[in-house]
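Visitor: Same order as they appear, the protein sequences are chains A and B.
Numbers 5 to 322, taken from the working numbering, label the letters of the first sequence in order.
Numbers 151 to 401, taken from the working numbering, label the letters of the second sequence in order.
None of these hints come from the bench; they were simulated from the model.
All C-beta atoms in this analysis are idealised placements derived from N, C-alpha and C, irrespective of residue type, glycine included.
Wrong hints could be hidden among the right ones.
Cβ-to-Cβ under 8 Å is the rule here; a few derived chain B residues that face chain A [to be verified]: (1) 156; (2) 166; (3) 229; (4) 232; (5) 282; (6) 365.
Calculated Cβ distances over 12 Å to all of chain A for the following chain B residues [to be verified]: (7) 159; (8) 160; (9) 195; (10) 196; (11) 234; (12) 243; (13) 261; (14) 320; (15) 378; (16) 399.
Covered stretches of chain A, going by a simulated chain B footprint (3 or more residues, C-beta under 8 Å) [said to hold, decoys possible]: (17) 100 to 111; (18) 189 to 199.
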Amino acid sequence: MTAPVTDGRIVVDDLTKVFRGRVRAVDRLSFTVEPGSVTGFLGPNGAGKTTTLRMVLGLVRPTGGQATIGGKLYRHLHNPSQIVGAALESSSFHPARSARNHLRIMCTVAGFPQQRADQMLDLVGLSDAKKRKVRGYSLGMRQRLGLAAALLGDPRVLVLDEPANGLDPDGIRWLRGLLRHLADEGRTVLVSSHQLNEVQEIADRVVILNHGQLVRSGSIAELTAGTDSVLVRTPSPEPLRTALEQQRAEVEQVDAGTLRVKGLTSQHVGHLAFELGVELHELSPQRFDLEDLFFALTQGGQAPAGQPPAQVPGRGAA
Amino acid sequence: MTRLIRAEFLKVRTTQVWFWMLMATIAVSALLVVGGIAPRDGVRNASDVPDLFASSSTAFIVVFVLGVLGVTTEFRYQTFTPAVLQTPSRWAIVTAKMITYAVLGMFYALVAVAVQLAVAVPWLSSKGINVDFGDGKVQHAIIGVFGVVALFGIIGLGFGALMRNQIVAVVVGIVFLLILENIVLAIPKVRVVWPYTPNGGIQAILHTTGSTEVTNGVHLLSTGGGVIVLLLWAFIPAIAGAAFSMNRDIT
Chain A
5 MTAPVTDGRI
15 VVDDLTKVFR
25 GRVRAVDRLS
35 FTVEPGSVTG
45 FLGPNGAGKT
55 TTLRMVLGLV
65 RPTGGQATIG
75 GKLYRHLHNP
85 SQIVGAALES
95 SSFHPARSAR
105 NHLRIMCTVA
115 GFPQQRADQM
125 LDLVGLSDAK
135 KRKVRGYSLG
145 MRQRLGLAAA
155 LLGDPRVLVL
165 DEPANGLDPD
175 GIRWLRGLLR
185 HLADEGRTVL
195 VSSHQLNEVQ
205 EIADRVVILN
215 HGQLVRSGSI
225 AELTAGTDSV
235 LVRTPSPEPL
245 RTALEQQRAE
255 VEQVDAGTLR
265 VKGLTSQHVG
275 HLAFELGVEL
285 HELSPQRFDL
295 EDLFFALTQG
305 GQAPAGQPPA
315 QVPGRGAA
Chain B
151 MTRLIRAEFL
161 KVRTTQVWFW
171 MLMATIAVSA
181 LLVVGGIAPR
191 DGVRNASDVP
201 DLFASSSTAF
211 IVVFVLGVLG
221 VTTEFRYQTF
231 TPAVLQTPSR
241 WAIVTAKMIT
251 YAVLGMFYAL
261 VAVAVQLAVA
271 VPWLSSKGIN
281 VDFGDGKVQH
291 AIIGVFGVVA
301 LFGIIGLGFG
311 ALMRNQIVAV
321 VVGIVFLLIL
331 ENIVLAIPKV
341 RVVWPYTPNG
351 GIQAILHTTG
361 STEVTNGVHL
371 LSTGGGVIVL
381 LLWAFIPAIA
391 GAAFSMNRDI
401 T
């Protein structure tokens, strides 16, 4: 059950999918997912995330381009569940079969020992329910079962479609820890999501998609470079402003007593105020918000910037 | 391939359909013997015995449905997705299923024959008719039942793979096998194709006594011809299913 020798890099190269000759679901998409990191795969509904993941996994045939895992097409992988673990939809279980039997079947196909099924059910916290039929499972339990199935072969690469869907806050925290741990072990973790705050917590890198095209990809640090700011409230903004501008900071007057400072850390700003003897009422670092960036980048998609995302009725209950 | 076949058997064992299908097989087989012996015009001498045993081939309909379900449930519950993720080759999946359901068919045939023997042998001997297992025709009937029922496991699979939709596949399959084929036999000129239908194949394989003329101008094929007809009904849809229907994008 050792990790296979291939490196776990996912390379999507000029990938295109046209459904029924008309709908361009994915349009000349290229990006790379690196091992040892959690990569968030983001985009509004209908952006082509799921179609892309399915092309990476060999379930959907690309119209053009290709996607490789460790340099190979998915369908050329030998015993793929040892290399790639995938959890796509939470509903792909026979309702009359128990969780344990689902995993035992997968173990049989891949030649893993049957105990592996129980180990994975322990790992995802389903031991108590493992003999129950999947019919009675909640969405969160199905997500956990899907994750157990994905982890069965101790894979080098994990591809998860909306894994946090249906998990309660405890479950989400647990998932975050698990994905972090898996990435720290050097695995490749690709997670699609529409829950942007979640992704910001989990991911090191993001790939942002809209209308089937790449909008932006890179590490969160790269994407957020220059977007972090420090909010300063002071009764005497003018001397501070002058001092800050001498330090080449970008200063924006928010209102009479408030400045937004870009390009300096809060420590730096605080120290400067101390040296000047300027009284401060607030000094707070403003964290970059992935959601803002996302809506700015996907403007013209389903959720224009400045508008709160519409609540889809029943989402997460399907 | 061994792993895939073992996994297919595990799939069958871990839901309850096989059990209810087995009950159906036992009930149908028992009823057919009773219906074959009890009436006044039922089995009255040893030459009627092969046809009595050939009637256990009726288990074919149960195994056909089992085969249809074996592939359509994978589509219905989307378990086809994890299956293909583990085994990207549709050919490997279909081959494993064909072997599994052929073996399963033989198991059901065994049950059907066993039920018939258990009811018929003591009953007939009480009527003074001895069942002679050394009789070539009795052997022909029993072996024929095994072959027919096993092949119907594969016919069901192939049909399910082509149709994909579970309910449509079961209903259309049963209507075709039990109703449409009889209508075909009733229409002049069209009826000449009947020997090449699945039922035509079954009758050709199991025929041991009497005339080969089914109805006006329609003659059964030879045993070998019947085997070929059923093999074609088994393999052509299964191969077409693997090549086209199961090979579609899984979205």
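Visitor: Does residue 166 of chain B pass the interface hint, meaning its C-beta sits closer than 8 Å to a C-beta of chain A?
Guide: holds (6 Å)
Visitor: Is residue 160 of chain B truly not at the interface, in the sense that its beta carbon sits beyond 12 Å from all beta carbons of chain A?
Guide: violated (5 Å)
Visitor: Please check whether the region 100 to 111 of chain A has three or more residues whose CB lies within less than 8 Å of a CB on chain B.
Guide: Our answer is that it holds, as 7 residues pass the Cβ test (under 8 Å) against chain B, meeting three.
Visitor: Please verify that the nearest CB of chain A lies beyond 12 Å from residue 234 of chain B's CB.
Guide: violated (6 Å)
Visitor: Beyond 12 Å from chain A, beta-carbon-wise, is residue 399 of chain B?
Guide: violated (4 Å)
Visitor: Go through the hint on residue 232 of chain B and say holds or violated, using the shortest Cβ distance to chain A against 8 Å.
Guide: holds (6 Å)
Visitor: Verify this label for me: residue 320 of chain B is non-interface relative to chain A, using a Cβ-Cβ cutoff of 12 Å.
Guide: holds (17 Å)
Visitor: Hold the hint about residue 365 of chain B up to the distance rule: shortest CB distance to chain A must be less than 8 Å.
Guide: Hint on residue 365 of chain B: violated, closest Cβ of chain A at ~44 Å, above 8 Å.
Visitor: Test the statement that residue 159 of chain B is away from the interface with chain A: the closest C-beta pair must be farther apart than 12 Å.
Guide: violated (9 Å)
Visitor: Beyond 12 Å on every Cβ pair: is that true for residue 196 of chain B relative to chain A?
Guide: Given a closest Cβ separation of 46 Å, the condition holds.
Visitor: In terms of Cβ atoms, is chain A entirely out of 12 Å range of residue 195 of chain B?
Guide: Holds, since 48 Å exceeds 12 Å.
Visitor: Under 8 Å is the threshold here; is the Cβ of residue 156 of chain B close enough to any Cβ of chain A for the hint to stand?
Guide: holds (5 Å)
Going down the numbered hints, you'll see the structure goes against 5, 6, 7, 8, 11, 12, 16, 18, while the others check out.
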